[in-house]
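2 protein chains.
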Amino acid sequence: MQRYFVEPSNMGEREVMIEGNDVKHITRVMRMGVGDHIICLNNNGREVLAQIDKVENHRLVAKIVKEHKNLSELPVSVAIAQALIKGDKLDYVVQKCTEFGAKAIYLFASDRSVVKWDQQKSAKKIARLKKIAKKAAEQSGRLFIPDISFTSHLVEATTEVEMRLFLDEEKAKKHDHTGLFDALHQHPSSLLAVVGPEGGLSEQEKTIFCEHGFQGISLGPRILRSESAAIYTLSALSYHYELSR
Amino acid sequence: MQRYFVEPSNMGEREVMIEGNDVKHITRVMRMGVGDHIICLNNNGREVLAQIDKVENHRLVAKIVKEHKNLSELPVSVAIAQALIKGDKLDYVVQKCTEFGAKAIYLFASDRSVVKWDQQKSAKKIARLKKIAKKAAEQSGRLFIPDISFTSHLVEATTEVEMRLFLDEEKAKKHDHTGLFDALHQHPSSLLAVVGPEGGLSEQEKTIFCEHGFQGISLGPRILRSESAAIYTLSALSYHYELSR
Numbered sequence: 001m002q003r004y005f006v007e008p009s010n011m012g013e014r015e016v017m018i019e020g021n022d023v024k025h026i027t028r029v030m031r032m033g034v035g036d037h038i039i040c041l042n043n044n045g046r047e048v049l050a051q052i053d054k055v056e057n058h059r060l061v062a063k064i065v066k067e068h069k070n071l072s073e074l075p076v077s078v079a080i081a082q083a084l085i086k087g088d089k090l091d092y093v094v095q096k097c098t099e100f101g102a103k104a105i106y107l108f109a110s111d112r113s114v115v116k117w118d119q120q121k122s123a124k125k126i127a128r129l130k131k132i133a134k135k136a137a138e139q140s141g142r143l144f145i146p147d148i149s150f151t152s153h154l155v156e157a158t159t160e161v162e163m164r165l166f167l168d169e170e171k172a173k174k175h176d177h178t179g180l181f182d183a184l185h186q187h188p189s190s191l192l193a194v195v196g197p198e199g200g201l202s203e204q205e206k207t208i209f210c211e212h213g214f215q216g217i218s219l220g221p222r223i224l225r226s227e228s229a230a231i232y233t234l235s236a237l238s239y240h241y242e243l244s245r
Numbered sequence: 001m002q003r004y005f006v007e008p009s010n011m012g013e014r015e016v017m018i019e020g021n022d023v024k025h026i027t028r029v030m031r032m033g034v035g036d037h038i039i040c041l042n043n044n045g046r047e048v049l050a051q052i053d054k055v056e057n058h059r060l061v062a063k064i065v066k067e068h069k070n071l072s073e074l075p076v077s078v079a080i081a082q083a084l085i086k087g088d089k090l091d092y093v094v095q096k097c098t099e100f101g102a103k104a105i106y107l108f109a110s111d112r113s114v115v116k117w118d119q120q121k122s123a124k125k126i127a128r129l130k131k132i133a134k135k136a137a138e139q140s141g142r143l144f145i146p147d148i149s150f151t152s153h154l155v156e157a158t159t160e161v162e163m164r165l166f167l168d169e170e171k172a173k174k175h176d177h178t179g180l181f182d183a184l185h186q187h188p189s190s191l192l193a194v195v196g197p198e199g200g201l202s203e204q205e206k207t208i209f210c211e212h213g214f215q216g217i218s219l220g221p222r223i224l225r226s227e228s229a230a231i232y233t234l235s236a237l238s239y240h241y242e243l244s245r
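The listed protein sequences derive, respectively, from chains A and B. For the first sequence, the working numbering gives the first residue as 1, with consecutive numbering after it. For the second sequence, the working numbering gives the first residue as 1, with consecutive numbering after it.
Derived from the structure by calculation, the hints contain no laboratory data. Hints may be right or wrong, so weigh each one.
Unchecked claim - Listing some non-contacts, in silico: residues in chain A with all C-beta distances to chain B over 12 Å:
#1 Lys-86
#2 Thr-159
#3 Glu-242
To be verified - As a list, the in silico SDA-like pairs of lysine to any residue whose alpha-carbon atoms are at most 20 Å apart:
#4 B:Lys-171 with A:Ser-244
#5 A:Lys-89 with B:Lys-86
#6 B:Lys-173 with A:Gly-141
#7 A:Lys-89 with B:Gln-95
#8 A:Lys-173 with B:Lys-171
#9 B:Lys-171 with A:Lys-89
#10 A:Lys-173 with B:Lys-89
#11 B:Lys-89 with A:Glu-67
#12 B:Lys-173 with A:Glu-67
#13 A:Lys-69 with A:Trp-117
#14 A:Lys-174 with B:His-68
#15 B:Lys-86 with A:Ser-244
#16 A:Lys-86 with A:Gly-141
#17 A:Lys-173 with B:Glu-73
#18 B:Lys-130 with B:His-212
Using N, Cα and C, we set each Cβ at its ideal position, and we do this for glycine too.
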C-alpha cells in the first residue's frame, strides 16, 4: 500500500491532512480517491492506516482507521557522514542510505572532494536530497526520514554520537579488517561512519578524527567506490543487529 | 596503480601482451609509456607487476617484474542470480556485484520481469555487461572478473552450487530474519542468492525453488529495491566471512 510522510502537525487524533505534491501523486499518479486507503507517517514515530475522506485541489483529508506498529528501524541510531562527490552519485548515496536504514546523513567538504558547495548551492542541494530521502523512506517502509545536513564542522556536529568511525584504506592494506566487528561488540547506542571522497580521506583529516576519538576501520580487502562504502557499512550493521542470532 | 585484465594466453612467464582498448587507455588516457609500471591479471589466479617495454599501435608489451599475492577474493564462491530489471539498474547491479565480490552473475527472466530479452538482444547486453564487470574488477582490485551469463534454466544452471538461497519478502513480513545467518553457519563452500525483479518473485517461482532445495531468506525489515538486494547480500557475506572474528 502507498505510504506518505506528512508534517506532524497534519496528523491529528482522528484525521490526517495531506498537502502539496503528495495530493497530486495520490489522485493523478495512483488514481485514488474517496474511500481508498493509504498509510501515513508523521516522521515522529507514528504510522497509521487512513481512508481518504475528502479530496480538494491542493489538500486531501483521510480518516485514521488504525495505528500501525512499525519495526523497520535499525536498533542502533546510525549516521553516515559522506564527503561531497559528484551530484548523481550523491543522490544515489542518499537514496540507498535511506533505504538501508540511516538515521542521519551528514555531507561535508573533504580535503580531496573535487565538488565544492557554497552556502547558497548547499541549501538547494539539501532541499533536493531531502525529497529523494522522503521518497526512499516511503518506498522502503521506514518509520523516519533521515535528517540530511551539510556541515563544515563534522567533528563538532557529531559530538553527541557515542561511537565515531571513519573508513581507512590503510587498515585494509594491512589486512586489519576486524575494526567494525570489534566496534559493534562494544554495543554503542549510536554510531557514525565517515566516508571519504573518491580520493579517500587525507592524512590530516584522519589525524584530526583520531585526535577526537574516531576509530579507523576497514571494509574488507576490495577497494570500494566512495558511493558504495556507506551501503556496505549499513548492510553489515543490519546483518549484525537484525539478521544475526 | 592501474590494473588491467588480459587474456590468459597473453600472459607468459616473462612478458604480458596487452591488446585492444586497454592500449588506448594506457597510452592516451593514462599517458603512460615505456618504463612505466602497471598491474596485469590473467583472470586465472595470476596478478603481476609489469613494466611497459614496447608500445605499438594496437598492442603493448610489458616485462613481468614481480608476481603479486592477491587476497581480495571472498573465501566462499558467491553467485548472484538477478532477475531482469531496467537497463541502467542492471548495469549498476553488475558493477556493484563485481565491486562487492561476486564470482558469478546469472541473469534470468523472472515471471514479473517487465524487461524481456530475446537471444540476439541478450548477446549484446551480456557483452556490454562483461565490459562493465571487467572495469569494476580492475578498479576494486579483484583477482577475477565475475562470469556473467543469461539463463532460461536457472535451477539447472546452478546445480553445482552447494547452497542456494532466494530472497523472500514473506519471511521479512513474518519478522523471520535469521535465515541467512543460519545458512552461513552451515559453512557452504559455494552459495547462490536469487534476487527477484521490482515486483518480487512469483509464488510459482518460489515453489519451484523450494522443490529444488533453495532456501527462502529475509534481508531484514526494510523493503529493498531489486537493484539493492544483491549488494546487501554481498556486504553481509563480506562482513560475516572477512570482517568478523
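Here is what the structure says about each hint:
1. Lys-86: holds, 15 Å
2. Thr-159: holds, 27 Å
3. Glu-242: violated, 5 Å
4. B:Lys-171 with A:Ser-244: Distance ~15 Å between Lys-171 (chain B) and Ser-244 (chain A) Cα, so the pair holds.
5. A:Lys-89 with B:Lys-86: holds, 18 Å
6. B:Lys-173 with A:Gly-141: holds, 11 Å
7. A:Lys-89 with B:Gln-95: holds, 14 Å
8. A:Lys-173 with B:Lys-171: Given that 20 Å is the threshold and the Cα spacing comes to 38 Å, the pair is violated.
9. B:Lys-171 with A:Lys-89: The given pair, whose Cα atoms are some 32 Å apart, is violated under the 20 Å limit.
10. A:Lys-173 with B:Lys-89: Distance ~31 Å between Lys-173 (chain A) and Lys-89 (chain B) Cα, so the pair is violated.
11. B:Lys-89 with A:Glu-67: Distance of about 35 Å is beyond 20 Å: violated.
12. B:Lys-173 with A:Glu-67: Cα-Cα ~17 Å, so holds.
13. A:Lys-69 with A:Trp-117: Distance of about 40 Å is beyond 20 Å: violated.
14. A:Lys-174 with B:His-68: holds, 15 Å
15. B:Lys-86 with A:Ser-244: violated, 32 Å
16. A:Lys-86 with A:Gly-141: At roughly 27 Å apart (the allowed maximum being 20 Å), Gly-141 (chain A) and Lys-86 (chain A) break the hint.
17. A:Lys-173 with B:Glu-73: Holds - the C-alpha atoms of Glu-73 (chain B) and Lys-173 (chain A) are around 14 Å apart, at most 20 Å.
18. B:Lys-130 with B:His-212: Violated, at roughly 29 Å.
Comparing the model with each earlier hint shows violations of hints 3, 8, 9, 10, 11, 13, 15, 16 and 18; every other hint is respected.
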